[in-house]
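As given, the protein sequences belong to chains G and F, one line each in that order. Per our numbering, residue 1 is the first one in the first sequence, and the count goes up by one each step. Per our numbering, residue 1 is the first one in the second sequence, and the count goes up by one each step.
No wet-lab data here; the hints were simulated from the structure. The structure displayed is predicted, hence computed values, not measured ones. Be a bit skeptical, because a hint or two may be false.
In silico DSSO-like cross-links for lysine-lysine, where the CA-CA straight-line distance does not exceed 27 Å [said to hold, decoys possible]:
{"hint": "1", "chain 1": "G", "residue 1": "108", "chain 2": "F", "residue 2": "75"}
{"hint": "2", "chain 1": "F", "residue 1": "75", "chain 2": "F", "residue 2": "110"}
{"hint": "3", "chain 1": "G", "residue 1": "258", "chain 2": "F", "residue 2": "111"}
{"hint": "4", "chain 1": "F", "residue 1": "74", "chain 2": "G", "residue 2": "102"}
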Amino acid sequence: MNSIDELIKRMISGDRRALGKIITLMENDSSSSAYIIPQIHNLTGKAHILGITGPPGSGKSSIVDKLIAYYRNDGLKVGVIAIDPTSPFTGGAILGDRIRMKQHYTDKDVFIRSMATRGNLGGLSEATGNTIKALDAFGKDVIIIETVGAGQVEVDIVRVADTVVVVSVPSMGDSVQTLKAGIMEIGDIFAVNKADLEGVEKCIMEIRMMLELSEKKGDWSPPIIKTFGNKDDGASDLYETIKNHHKYLIESGHHEKKRIIRGKTELINIIQNLFTNNLYNTISEKEIEELAKKIANREKDPYKIIEELIPRLKILFEVL
Amino acid sequence: MPERKLRILIAKPGLDGHDRGAKVVARALRDAGMEVIYTGLRQTPESIVETALQEDVDVIGLSILSGAHKHLFKKVIDLLKKEGAEDIPIFGGGIIPEDDMPYLKDIGVKKIFGPGTSTEDIVTYINGMTNK
Chain G
1 MNSIDELIKR MISGDRRALG KIITLMENDS SSSAYIIPQI HNLTGKAHIL GITGPPGSGK
61 SSIVDKLIAY YRNDGLKVGV IAIDPTSPFT GGAILGDRIR MKQHYTDKDV FIRSMATRGN
121 LGGLSEATGN TIKALDAFGK DVIIIETVGA GQVEVDIVRV ADTVVVVSVP SMGDSVQTLK
181 AGIMEIGDIF AVNKADLEGV EKCIMEIRMM LELSEKKGDW SPPIIKTFGN KDDGASDLYE
241 TIKNHHKYLI ESGHHEKKRI IRGKTELINI IQNLFTNNLY NTISEKEIEE LAKKIANREK
301 DPYKIIEELI PRLKILFEVL
Chain F
1 MPERKLRILI AKPGLDGHDR GAKVVARALR DAGMEVIYTG LRQTPESIVE TALQEDVDVI
61 GLSILSGAHK HLFKKVIDLL KKEGAEDIPI FGGGIIPEDD MPYLKDIGVK KIFGPGTSTE
121 DIVTYINGMT NK
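Start from the sequences and build out the full structure, keeping to the hints where you can.
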């Protein structure tokens, strides 16, 4: 038995360190994912996947902290993936969302993993999907994903989560403006956080107006809940609403539909990644740069170059 | 494309009142391209070890100003052993008297950085210890 098999076995039997290591392996290299996922895929699909998104500083981590407490109170096991941005300049990252979740650090049934975006756009990291699977196979009943502070186009969460909560705050005045384009359309539930601040009613009204203008999501009309950071007021409403949405998904058959969409996204992502990785194996970074110079100097146009490359690019499909 | 990144836990056990030094180190490691899990003030040894397991860190850095370093380092190392994770190296920083160094080395602390250490030295050291 090789060391990865051993790790998978330990992970499935509940070893937290093995789970941590499996996630690292999948985060660092896609061939590990190709080895690990086939062995755990059958064990997944049971957990409720909850996405929490919203602008930086809106209080996502504090809300996650409260929700963990409610889930634990109901005896459910919780996995958390907290995503923070990677610096585009140095490649480093400070992962600090855990700070708000201190009270759960030593609860053995809460597993919190911080991840950096590592250049991925869309609010998640490339390995988020596989990390959800690892936590699911580990036996978590609910998996909460906190996205990076999101603006308008970081909407990938909708492709991995069953239920999406969009968090906004009244104090930003025009916060709804910053939300309206992409994010506004993905919320199953809206939480107006820091609702003791001035302007909360206006904020709620703006969200309501925007929802009325947008397309309906089946029979579910997204509720708007007031929350107050890490205070209990509001958090219990939010928790009940999340559970109602989960129930609605299952009873209406939407859950099944979402799963199929998710399968499709997964498939396309893997094919794209394989293709890109193989591309870089076939054509070196240096050669691509040389070709790029030719394009820049107007020696050749990009389509001409592709034409010349086609015999070599065909190999890519053979390796797939 | 996926790539390997060093993951470092920077934690402050005990009752220290501020975490300026720890934040400076965290920032420097970030600027050196590492992923730094930063957990803030007043961590218990239990929470530090649990975080190290969940986050699968390559190295743990503990910053201690309170004078309780002998006790706190020992506790963290004992707990790591209990979890079968004593292979995760630990370094330390803060106010730690010269006289205590041999004891800390003895229980398995890899390195102590005193006041005035340049952040560059810390980055170089971490890169060196993880390249083995």
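Comparing the hints with the structure gives:
Using a Cα cut-off of 27 Å, the hinted pair residue 108 of chain G and residue 75 of chain F holds, with the two alpha carbons roughly 19 Å apart. This hinted pair checks out: residue 75 of chain F and residue 110 of chain F have alpha carbons roughly 15 Å apart, not beyond 27 Å. Proposed proximity of residue 258 of chain G and residue 111 of chain F is contradicted: the alpha carbons are some 51 Å apart, above 27 Å. Between residue 74 of chain F and residue 102 of chain G, the direct Cα distance comes to roughly 22 Å. Compliance with the 27 Å bound is thereby established for this hinted pair.
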